[in-house]
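Protein chains in written order, with the working numbering: chain A, 1 to 162; chain B, 1 to 459.
One should not assume that every hint holds.
As the list claims (entries may be wrong) - SDA-like mimics (lysine to any residue), calculated; alpha carbons at most 20 Å apart, straight line:
| # | chain 1 | residue 1 | chain 2 | residue 2 |
| --- | --- | --- | --- | --- |
| 1 | A | K16 | B | S215 |
| 2 | A | K122 | A | A144 |
| 3 | B | K303 | A | P9 |
| 4 | B | K303 | A | I22 |
| 5 | A | K102 | B | S195 |
| 6 | B | K194 | A | V100 |
| 7 | A | K102 | B | L197 |
| 8 | A | K102 | B | S256 |
| 9 | A | K16 | B | R454 |
| 10 | B | K303 | A | V14 |
| 11 | B | K303 | A | Q12 |
| 12 | A | K102 | B | G201 |
| 13 | A | K122 | B | Q154 |
| 14 | A | K16 | B | K303 |
| 15 | A | K102 | B | V261 |
| 16 | B | K303 | A | L11 |
| 17 | A | K102 | B | D260 |
| 18 | B | K117 | B | R107 |
| 19 | B | K303 | A | R17 |
| 20 | B | K80 | A | E3 |
| 21 | A | K16 | B | G304 |
Stated by the list, open to error - Not close to chain A: a few residues of chain B, all C-beta gaps over 12 Å, as computed:
| # | residue |
| --- | --- |
| 22 | E74 |
| 23 | W75 |
| 24 | L84 |
| 25 | Q308 |
| 26 | D362 |
None of these hints come from the bench; they were simulated from the model. Idealized CB from N, CA, C, for every residue including glycine.
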Amino acid sequence: MNELIINAPQLQSVYKRVANTIIWATGWLLWLYLLFPALTVISWQLGEHALVNQIRWFGDYNSLLDLLEMYAATLLALAAAWLAWVAYHSLRNPLMPAKVHKIVNDQHLCAFYQIRADELPKCRCSQITSVYFDEQGQIIKLDATIYGNSLKPVPPLATESV
Amino acid sequence: MICPALLDKLSAFCFFSSSRFNQWLESLDPGNRLQPLSLWPELARHLDSFVYYYPLFMAYLWMFGALIFYFRHEWRHRTKADQLPKLTSYPPVSVLIPCYNEGENIRETIEILKQQKYPNFEIIAINDGSRDNTLEILQQLAEQYGNLRIVNLQTNQGKAMGLRTAALLANSEYLVCIDADALLAPEAIAWLVKSFLNNPGVGAITGNPRIRNRSSLLGRIQVGEFSAIVGMIKRAQRTYGRVFTISGVIAAFRRSALHDVGYWSNDMVTEDIDISWKLQLAGWSILFEPNALCWVLMPESLKGLWNQRVRWAQGGTEVLLRYFRALFRWSSRSMWPLYAECLISVCWSFLIVSALICWLFDIINNATSEPLTLLSPSWTTMLLSLTCLLQFGVSLAIDARYEYLSGGTARYYYWMVWYPVVYWLINVATTITGSVKAIRKKRGQRAIWITLDRGLREK
Numbered sequence: 001m002n003e004l005i006i007n008a009p010q011l012q013s014v015y016k017r018v019a020n021t022i023i024w025a026t027g028w029l030l031w032l033y034l035l036f037p038a039l040t041v042i043s044w045q046l047g048e049h050a051l052v053n054q055i056r057w058f059g060d061y062n063s064l065l066d067l068l069e070m071y072a073a074t075l076l077a078l079a080a081a082w083l084a085w086v087a088y089h090s091l092r093n094p095l096m097p098a099k100v101h102k103i104v105n106d107q108h109l110c111a112f113y114q115i116r117a118d119e120l121p122k123c124r125c126s127q128i129t130s131v132y133f134d135e136q137g138q139i140i141k142l143d144a145t146i147y148g149n150s151l152k153p154v155p156p157l158a159t160e161s162v
Numbered sequence: 001m002i003c004p005a006l007l008d009k010l011s012a013f014c015f016f017s018s019s020r021f022n023q024w025l026e027s028l029d030p031g032n033r034l035q036p037l038s039l040w041p042e043l044a045r046h047l048d049s050f051v052y053y054y055p056l057f058m059a060y061l062w063m064f065g066a067l068i069f070y071f072r073h074e075w076r077h078r079t080k081a082d083q084l085p086k087l088t089s090y091p092p093v094s095v096l097i098p099c100y101n102e103g104e105n106i107r108e109t110i111e112i113l114k115q116q117k118y119p120n121f122e123i124i125a126i127n128d129g130s131r132d133n134t135l136e137i138l139q140q141l142a143e144q145y146g147n148l149r150i151v152n153l154q155t156n157q158g159k160a161m162g163l164r165t166a167a168l169l170a171n172s173e174y175l176v177c178i179d180a181d182a183l184l185a186p187e188a189i190a191w192l193v194k195s196f197l198n199n200p201g202v203g204a205i206t207g208n209p210r211i212r213n214r215s216s217l218l219g220r221i222q223v224g225e226f227s228a229i230v231g232m233i234k235r236a237q238r239t240y241g242r243v244f245t246i247s248g249v250i251a252a253f254r255r256s257a258l259h260d261v262g263y264w265s266n267d268m269v270t271e272d273i274d275i276s277w278k279l280q281l282a283g284w285s286i287l288f289e290p291n292a293l294c295w296v297l298m299p300e301s302l303k304g305l306w307n308q309r310v311r312w313a314q315g316g317t318e319v320l321l322r323y324f325r326a327l328f329r330w331s332s333r334s335m336w337p338l339y340a341e342c343l344i345s346v347c348w349s350f351l352i353v354s355a356l357i358c359w360l361f362d363i364i365n366n367a368t369s370e371p372l373t374l375l376s377p378s379w380t381t382m383l384l385s386l387t388c389l390l391q392f393g394v395s396l397a398i399d400a401r402y403e404y405l406s407g408g409t410a411r412y413y414y415w416m417v418w419y420p421v422v423y424w425l426i427n428v429a430t431t432i433t434g435s436v437k438a439i440r441k442k443r444g445q446r447a448i449w450i451t452l453d454r455g456l457r458e459k
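Isolated chain B, as found in the complex:
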């Protein structure tokens, strides 16, 4: 999942810096002697406004979009996620689980998966040349569970290749893909199938990932983040009609749609963003099913978080680069706003860092008392802060129905207020790092598995 879009939220701190950027640009041509440079002050003023207003604008855009989605699809349907939807038929479903060195997690994942309240499904675990005991555990489990099949890749090929192979060997048209450390709620398959049955033009459906590990500050912030940012953006994008990405950790696909677009690409660092774009550019729709819950593990260390976010940012930029030409087709017009939003977010991150550097440079060189004035709060920073709190409040309220059994989301509001401090700055940095990596990456270079930090757990 994504994330240059996460960066759209601006910290007030960066707003202060933007004023310095403006002044620095003006200082390039103090007497306006050079004609081309005389445009700088005007340009700087616009950049200044952009840096401040863009995230504010996006925050409200998402809020309105998410609220519309909520009132249209969630509020009036009183069914809760732990209630089974009524289906007209129960077509066969294959659950694909790519595994690479997942000895610690795979047993729990499959045992929970066996509790699915869906009558007609098989599990396909893909062992992608693991070097630990994943294959042995899978073999033990296969003896216990008749509907578990193992696809054993003799050499490590990467997640995309594992999924491609399993899609070939699956007995079903509907494929539900989850990560090897993700625990699927017992009703999830039924919810995903319901959306497919009702919508023949849908190529994929993304589920609703919920954070399991909440021991540390980072874990708790991510609970709020997945509601306030990820969930809200997905709802808003669905209201628009297109989504930037499915969640790779829980997504369902129509095999015919995958076949139509050539399946997952094995050279993209985030295969989920890539397949989302491929499907939508080919005219398939992607839905968001908030009732399809999946419990996931997230990093709880700064290093783990950094690696994850750099990967997401790199994946976003890779998609921008790869599908630029495809956007010129008239049939791709519905993807233009998503492309523009992602591109603008990346530019915004670069602008923020430029502004910060200029500001620090100016402080060191001039050593004036002006920075103190710039750092004092104002009406604009007040409105920015209130918007931020409002966004967290709205999104957590929307999401509360999916957390009611775990005590609700209200207490995570308390932790979410740390989000700007910890995350916005990290996300700006990861976007820049990820973008540079994407630009420097050779086309066709195979994506490899990345071992992620899965947070604090009792061994």
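The following block holds chain A by itself, in its conformation from the complex:
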């Protein structure tokens, strides 16, 4: 798996590396900035009472508790709704009749694509099939050829019930 991954930062231009570094620094600063209230409230809870003004600036501690309460209630409702949905489906699905579908056969395919029925098996055995279209995207000709002398027609795949 490792050989599939391309990790070659040296292929980037100097300009791109500088730009990436700037975004890297900006990104972290932004996160620190956005999480500053969290750091503040944790410090305040740990006894750093000098931060009380910052707490007020962010909207006071009680409003934070109200907000958290609302969050908790919403998340609980959301989780309950998901679980109810999953339970409903688990009960309902075994009661639903299994979908029965017909496997499309070559006749249907030829009718849909408007091609001759004798052309299809020939094309399916060839290693190269050239396809010609009209302007509306309709197949007008199928040309089954064996490319090169060394190639043989492709044997049909082993059929197994599907």
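The hints should help you fit chain B onto chain A, whose structure is shown.
The following block gives chain B in isolation, referenced to the frame of chain A:
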């Protein structure tokens, strides 16, 4: 893959702006003299709440949904993706690879594909009128590999037409479609077939794309993005029962299901989103098989990323427009939440931009010190940031089992924190651009191949 849904994550920056939007709306009618306008402050308050709470709500919705999927389908099954599943039978499978100017990639793709640990499969490479040496390479490979077949479209027709043609010529009921630059894990076909055999009502299965190129900041962020956003959304949507889209880069189809819905549409810019909707609206299910791994190349330049995301957004909006009427059928009710979610995401992006414009306009006109107050952090922005970090953490933890051979996902957490800065703003802009393009596009206009940036690689 998608993506208006990606936009649901809100940057705190935009939250600050929404307050200005509120004030601007209020300023339209300061004395409430005009009756209709007296509703604005109330409306503005609701819009303000929507802009902030919607992405937060969606983040938790996805997190819970993905966790339920994980505990139901992944956690208790200790089988790893690189172990072969036991199958009751091995029906024939055709692997379809549409190619347009893929001379650089196709040899590697087919050589890796030959390592599949599945006994009964053929490869069909579709050369869609390439102008480079793709056909010559395919002919060389066909001489080497007996089960490689070439479908050569004499004129360029687009990916959807290529797939339609190959579906006709394939010898199998099960079709696995991959991109020409995608490397399929050796066990992937077996995992995909397993899901088909166990579920007769399943029309398609989407695999698990993993990012190969991780040289730049954008590449590394996308590794996290495909776990934190794409993988999480797919898991949550499967828990719900419907998915917005399969991943076009790795998906398997039942040909009978495709026939039932008329195959891929050739006039949709993202044929994968379109076929997902067609199948599900016709009553077929789509599953997500996380063990079917496929290693893909993603853009590593801003221009490449922009083009890709605009295309995804345009494809999402095209689907919203095309299947609006079909939603009125009662049998389509299971798709309503997905439709609503996509539509709301698009509206949300427009609201964000409106809010930003109002905010900038206000700053320029009033030049007050208030913006500084608005930009200061608060409890709400703190909770938004923590939610974001929690989402990244949860999703990377869920996804770690698919990355364990490449060193795990933990280190990408370090890079993911850049996601809001780089991606959210880009995604808002691409959604708006893509939506406008979709609305302006003439119906029936053929979709064409778009050459994507495939990131940094040694030539």
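To see whether the hints hold, each was checked on the structure:
1. Between the alpha carbons of A/K16 and B/S215 the distance comes to roughly 11 Å, so the proposed pair stays at or under 20 Å and holds.
2. Taken as a hint, the A/K122 and A/A144 pair is honoured in the structure, with Cα atoms around 7 Å apart against an allowance of 20 Å.
3. A hinted pair counts as satisfied when its Cα atoms are at most 20 Å apart, and B/K303 with A/P9 qualifies at roughly 19 Å.
4. With a C-alpha separation of about 19 Å, the suggested pair B/K303 and A/I22 falls inside the 20 Å cut-off, and the hint holds.
5. Taking the CA atoms of A/K102 and B/S195, the gap is near 18 Å; set against the 20 Å cutoff, the hint holds.
6. Note on B/K194 and A/V100: the hinted pairing holds, with a Cα-Cα distance of about 18 Å set against a maximum of 20 Å.
7. For the given pair, A/K102 sits about 15 Å from B/L197 by alpha-carbon distance, which is consistent with the 20 Å threshold.
8. With a C-alpha separation of about 7 Å, the suggested pairing of A/K102 with B/S256 holds against the 20 Å cut-off.
9. Among the hinted pairs, A/K16 with B/R454 is consistent with the structure: their alpha-carbon atoms are about 16 Å apart, no more than 20 Å.
10. Distance restraint check for B/K303 and A/V14: the Cα-Cα separation of roughly 18 Å lies within the 20 Å cut-off, and the hinted pair is therefore satisfied.
11. Note on B/K303 and A/Q12: the hinted pairing holds, with a Cα-Cα distance of about 15 Å set against a maximum of 20 Å.
12. Pair hint A/K102 plus B/G201 holds up; C-alpha atoms about 11 Å apart against a cutoff of 20 Å.
13. Taking the CA atoms of A/K122 and B/Q154, the gap is near 18 Å; set against the 20 Å cutoff, the hint holds.
14. The straight-line distance between the Cα atoms of A/K16 and B/K303 is roughly 13 Å, inside the 20 Å bound, and the hint therefore holds.
15. At roughly 13 Å between alpha-carbon atoms, A/K102 and B/V261 fall within 20 Å of each other, so this suggested pair holds.
16. Simply put, B/K303 and A/L11 have alpha-carbon atoms about 17 Å apart, close enough for the 20 Å limit, and the pair holds.
17. Our distance criterion of 20 Å between C-alpha atoms is met by A/K102 and B/D260, whose separation comes to about 10 Å.
18. As the CA atoms of B/K117 and B/R107 are separated by approximately 19 Å, the hinted pair is consistent with the 20 Å bound.
19. For the given pair, B/K303 sits about 16 Å from A/R17 by alpha-carbon distance, which is consistent with the 20 Å threshold.
20. For the proposed pair B/K80 and A/E3, the alpha carbon gap of about 19 Å is at most 20 Å, so the pair holds.
21. Restraint check: the Cα-Cα separation between A/K16 and B/G304 comes to about 14 Å, which is no more than 20 Å; the hinted pair holds.
22. Taking the minimum C-beta to C-beta distance to chain A, about 15 Å, the non-interface status of B/E74 holds against the 12 Å cut.
23. Look at B/W75: its CB is around 15 Å from the nearest CB on chain A, clear of 12 Å, so calling it non-interface holds up.
24. Every C-beta of chain A lies more than 12 Å from that of B/L84, the closest at about 16 Å, which supports listing it as non-interface.
25. Every CB of chain A is more than 12 Å from the CB of B/Q308 (nearest about 18 Å), matching its label as outside the interface.
26. The claim that B/D362 lies off the interface holds: its Cβ sits roughly 22 Å from the closest Cβ of chain A, which is beyond the 12 Å cut-off.
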